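Could you build the full structure based on these sequences and the hints that come with them?
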Amino acid sequence: NAGVTQTPKFRVLKTGQSMTLLCAQDMNHEYMYWYRQDPGMGLRLIHYSVGEGTTAKGEVPDGYNVSRLKKQNFLLGLESAAPSQTSVYFCASSYTHEAFFGQGTRLTVV
Amino acid sequence: KQEVTQIPAALSVPEGENLVLNCSFTDSAIYNLQWFRQDPGKGLTSLLLIQSSQREQTSGRLNASLDKSSGRSTLYIAASQPGDSATYLCAVPSGGSYIPTFGRGTSLIVHP
Numbered sequence: 001n002a003g004v005t006q007t008p009k010f011r012v013l014k015t016g017q018s019m020t021l022l023c024a025q026d027m028n029h030e031y032m033y034w035y036r037q038d039p040g041m042g043l044r045l046i047h048y049s050v051g052e053g054t055t056a057k058g059e060v061p062d063g064y065n066v067s068r069l070k071k072q073n074f075l076l077g078l079e080s081a082a083p084s085q086t087s088v089y090f091c092a093s094s095y096t097h098e099a100f101f102g103q104g105t106r107l108t109v110v
Numbered sequence: 001k002q003e004v005t006q007i008p009a010a011l012s013v014p015e016g017e018n019l020v021l022n023c024s025f026t027d028s029a030i031y032n033l034q035w036f037r038q039d040p041g042k043g044l045t046s047l048l049l050i051q052s053s054q055r056e057q058t059s060g061r062l063n064a065s066l067d068k069s070s071g072r073s074t075l076y077i078a079a080s081q082p083g084d085s086a087t088y089l090c091a092v093p094s095g096g097s098y099i100p101t102f103g104r105g106t107s108l109i110v111h112p
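Line by line, the protein sequences give chains A and V.
Going letter by letter, the first sequence gives residues 1 to 110 in this note's numbering.
Going letter by letter, the second sequence gives residues 1 to 112 in this note's numbering.
In short, the hints are calculated from the structure, not lab data.
These figures come from a predicted structure and were not determined experimentally.
Careful, some of the hints might be misleading.
Stated by the list, open to error - As a list, the in silico BS3-like pairs of lysine-lysine whose alpha-carbon atoms are at most 30 Å apart:
no.	chain 1	residue 1	chain 2	residue 2
1	A	Lys14	V	Lys42
2	A	Lys70	V	Lys68
3	A	Lys57	A	Lys70
So this is what it looks like as structure tokens:
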């Protein structure tokens, strides 16, 4: 009963490096989301997907790219990391009404 | 654009008190509203989901109400315990979609 799994859980990057965060869900959900959580800012939507092969921009998409090649996976990419992207990243999925969240990825860019 | 406000931002109470956490939203054309709990350094755990056709939902000592017309929801915690200490987040879909928009949360501390 895994639910939503995020990989990795922690990562330290140097400015300019790239990385991909993986989100996997086993609930056959159509909708998947990537949020970032910063102190005092709450959770802000980066990108989302309403089904396999689809992606769309959220509130704070700059500096990030996403892909949804398989229904169960939603990848978040940082092409050239910046210190402003230091944050905790959460992935979520939903069928319609109820959203389920992963445990988060704590990313530090130095 | 949906905007979600949670009041108070922080709350510190002695054990045993009954609590009310407030959530207000600007777009009342919603399908549902969801309350989450977040412990420090952890992910979000769903507490209660209220469909737009419902007025309230209950789970143990938690009761959430929804008033769509006024754009408000409250989370009532009965007989608070130190284990209830966490941040409580309200999430409401925006723009006729299912995409959750979050408030900034209420940070709750229940001291013995």
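These are the hints, each one checked on the structure:
1. Lys14(A) with Lys42(V): Roughly 24 Å separates the two Cα atoms, so the pair holds.
2. Lys70(A) with Lys68(V): violated, 36 Å
3. Lys57(A) with Lys70(A): holds, 18 Å
When held up to the earlier numbered hints, the structure conflicts with hint 2 and nothing else.
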